[in-house]
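Chemist: The lines below spell out each chain.
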Amino acid sequence: MSTIVSLPDQATAKLPAKSFLNQEYGLKSWLLTGDHKRIAILYLISISFFFVIGGVLAGLIRLELLTPPSDLMATDTYNKVFSMHGIIMIFLFLVPSVPATIGNFLIPLMVGARDLAFPKINLLSWYLYVAGGIFVLSAMVLGGVDTGWTFTTPLSTHYLNTHVVTAAMGIFLAGFSSIFTGLNFIVTVHRMRCPGMTWFRLPLFVWGHYATSIIMILGTPVLAITLVLVALERTMSIGVFDPTKGGDPLLFQHLFWFYSHPAVYIMILPGMAVISEVISTFSRKRVFGYTAVAFSSVAIAVFGFLVWEHHMFIMGVSQYSALVFSLMTMLVAVPSAIKIFNWSMTLYKGSITFETPMLYAFGFLGLFTIGGLTGIFLATLGMDIHLTETYFIVAHFHFVMVGGMLMAYLAGVHFWWPKMTGRMYPEAISKTAAVITFIGFIVTFFPQFLLGYLGMPRRYAAYPADFQVLNVFSTAGASILGIGYLLPMLYLPWSLIYGKIAGNNPWQATGLEWQIQSPPLTENFAEIPIMDHEAYDYEWLANKTQHEVQTVG
Amino acid sequence: MDSQSIATTPEELDRSVLPHAHEHPAFLRHHFEDVGQQREAASFGMWVFLLTEVMFFGGLFCAYLIFRNWYHPAFVAGSNTLDITLGTTNTAVLICSSFTMAMAVYSAEIRRRGQLILFLVLTIVLGSAFLGIKAVEYHQKYVDHHIPGLDFSIQEFVHPSNPKAIPLAPDMAEKTQLYFFLYFAMTGMHALHMIIGIALLFIMVARASKGAYTEGHVIPVENFGLYWHFVDIVWIFLFPLLYLISRYR
Chain A
2 MSTIVSLPDQ ATAKLPAKSF LNQEYGLKSW LLTGDHKRIA ILYLISISFF
52 FVIGGVLAGL IRLELLTPPS DLMATDTYNK VFSMHGIIMI FLFLVPSVPA
102 TIGNFLIPLM VGARDLAFPK INLLSWYLYV AGGIFVLSAM VLGGVDTGWT
152 FTTPLSTHYL NTHVVTAAMG IFLAGFSSIF TGLNFIVTVH RMRCPGMTWF
202 RLPLFVWGHY ATSIIMILGT PVLAITLVLV ALERTMSIGV FDPTKGGDPL
252 LFQHLFWFYS HPAVYIMILP GMAVISEVIS TFSRKRVFGY TAVAFSSVAI
302 AVFGFLVWEH HMFIMGVSQY SALVFSLMTM LVAVPSAIKI FNWSMTLYKG
352 SITFETPMLY AFGFLGLFTI GGLTGIFLAT LGMDIHLTET YFIVAHFHFV
402 MVGGMLMAYL AGVHFWWPKM TGRMYPEAIS KTAAVITFIG FIVTFFPQFL
452 LGYLGMPRRY AAYPADFQVL NVFSTAGASI LGIGYLLPML YLPWSLIYGK
502 IAGNNPWQAT GLEWQIQSPP LTENFAEIPI MDHEAYDYEW LANKTQHEVQ
552 TVG
Chain B
374 MDSQSIATTP EELDRSVLPH AHEHPAFLRH HFEDVGQQRE AASFGMWVFL
424 LTEVMFFGGL FCAYLIFRNW YHPAFVAGSN TLDITLGTTN TAVLICSSFT
474 MAMAVYSAEI RRRGQLILFL VLTIVLGSAF LGIKAVEYHQ KYVDHHIPGL
524 DFSIQEFVHP SNPKAIPLAP DMAEKTQLYF FLYFAMTGMH ALHMIIGIAL
574 LFIMVARASK GAYTEGHVIP VENFGLYWHF VDIVWIFLFP LLYLISRYR
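Chains as they are written, first to last, in our numbering: chain A, 2 to 554; chain B, 374 to 622.
Mixed in with the good hints there might be a few duds.
Covered stretches of chain A (chain B as the covering partner; in silico rule of three or more C-beta atoms under 8 Å from a C-beta of chain B) [claimed, not checked]:
no., region
1, 191-197
2, 219-231
3, 234-248
Stretch by stretch, here's where chain A covers chain B in the computed footprint (C-beta under 8 Å, at least three residues) [unchecked claim]:
no., region
4, 428-441
5, 541-554
Here are some of the chain A residues that sit facing chain B, going by a computed Cβ distance under 8 Å [said to hold, decoys possible]:
no., residue
6, Ala114
7, Arg115
8, Asp116
9, Ala118
10, Pro120
11, Ile180
12, Leu252
13, Leu256
14, Ile529
Hints are computed from structural coordinates only; laboratory data are not their basis. The beta-carbon is built from N, C-alpha and C at its ideal position, and this holds for glycine as well.
All chains should be built: construct the whole structure from the sequences, respecting the hints.
Modeler: This is how it looks when you write it as structure tokens:
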């Protein structure tokens, strides 16, 4: 099979003498750093930590559901386990996953800047994330939360005696960490672009993150004030969400989903941003319909704010508003489809090679399309009443979040691993891991569509024996999936020492980040570059490398 | 320089970056190209931050709008128990503090240190006066048993002492709790922003007395000014919404 990977001669190649990794040494130089690349690494380590915890909780859920009765754990323990799984995976893993790690690392490199606009705020954002994580962990250690990740009132305010306020505080802090990330990205993209880097020469990765940042800064504050109100209602028994005092639990749903629906686009847009880069690089073609893909990101962000009520169709909202929200929800499918079709057209007649990031990207394309199309089922008013609160919904959002975003995240981590560390990951085993992940994912979550359609409700520890076969499939798939995720956690750290030296541009990609040394200097660019060509211009790259003397090491 | 000659090695870096590093003023941070870029980025960042603040208060305003529509009589009754004189005074005090803050930014721009410190201190005084008056009002609510959750009493709304007030049915009178909760949540959140602002003002006075902002580095004062005016504008919305619902006096 052909490959485009071009590595320097391993006998003579060395890592660069000076880079952001060895500029300074010691724990203090990391904990007080303003360097966006180091902060990205800090984020990478901390979100991996929370991913492991969330993953173990997911494993426990699947183990419990292996058999019909609730035999592994008591039902209230099960409630706590799935609540913590949701809270950790959404607020501490998926929301910061691509933006705070890969985005943090790459956006200044891609726009040709030395750093994000506000390095100290960037560091503050990581500390807020860690503080939020500590609050969530302590809520778990002290005895857990069993509200589900949605904190539904009045359940969360009146009927539960668990650590709701502690967990809400954690999410509040993590929310501000994501606000600061978004703020930094927006200002950087507006004000820090290098000469010649016009808006339509930006890589689509940057467009995706720009759209994500809009949601982060406009949506997250609403979640913050909502959680403050829940905490006040618990501690001071104020009645804003309490119908016995004249308050309205539906208002909580409106405020919560006003953030939490756009938040699912926080969780997918950066993934789409990664896929644009990966597909272009491994098809050796400019992304088809660059402008359409760029604007579709912004369109998803804008439409995303106008569809939140589709989470509330069965909650007694007005039927007329439900009609409007159903229509708006279907409209979101348009920009998403624009992306999928444009990526397919990019592949068409491209010189495709099957490197690991590309395998993950193919996984993304298939799984996200299934996840997105089942979203149309749920946007349909009549269908939604049958399917909502069943495993169909669980399967739908796992196809988008795990099959989509997590695949894209892994694609991105593999794709930029040589840039971040200067070394290649092991090729054969990583391809195996990508395939295992895909198979494991399908086996885990496809049966859940059937389970949901047959009527198995979500969030229960026990189920009728009729559902067992499909649940056994799902649990078996989860163990395959677990292996798929475990492998990168083993071979990526291994590659830090034993991986091949990658050189500046192992993929022969066109982005500015690939034209500098790997790992980059603390200053990113010795001299601020001048952008004189369009994004994804492979002719420019061929022309450039033709006249260039390789001076690696 | 064209992009085909991007320097990639430390040796080239030392040649290209270090020689002109000394030409910039000390406050220019290393990752900005020039002072103009730094100033634009900081100012733009502040506006984006204020946008998030608008959304943060937006949740409370949304709740206010809904409950005011549902329980209009209760909101009128609750609003009428507020002290309009203190509220108006506070509005005037806050607008004056915005003026002194604007003058502080101007003083920094024309590089007059003494004048800058004077106006910053005046802003602290006016801001503290606002909080003081607010504390008096909160205390009044405490005395009247109008703090939800703290021995709240609907007596005043069912049997009003003011002959001009319309008595409410007990179940509507209960809804005044929502009004007062929103009153405390909104003015409390506003007061929290004021307290943070005053704390920042103290830091700025200390740094201004060492000559920090009068050597051309106006950005921090300017951005703080934006924050202070934002907090002021929130109050400009809160005052009519909370104090001026169908006043009978």
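Chemist: Please go over all the hints and tell whether each is borne out by the structure.
Modeler: Taking the hints in turn, this is what the structure says about them:
1. 191-197: holds (count 4)
2. 219-231: holds (count 9)
3. 234-248: Check passed, 8 qualifying residues.
4. 428-441: holds (count 10)
5. 541-554: holds (count 5)
6. Ala114: Nearest chain B Cβ about 7 Å off; hint holds.
7. Arg115: holds (4 Å)
8. Asp116: Since the shortest Cβ distance to chain B is 4 Å, the answer is holds.
9. Ala118: holds (4 Å)
10. Pro120: holds (7 Å)
11. Ile180: Holds. Min distance 5 Å.
12. Leu252: holds (6 Å)
13. Leu256: Status holds, d = 6 Å.
14. Ile529: At 7 Å from the nearest chain B Cβ, Ile529(A) passes the 8 Å test, so the hint holds.
Checked against the numbered hints above, the structure breaks none of them.
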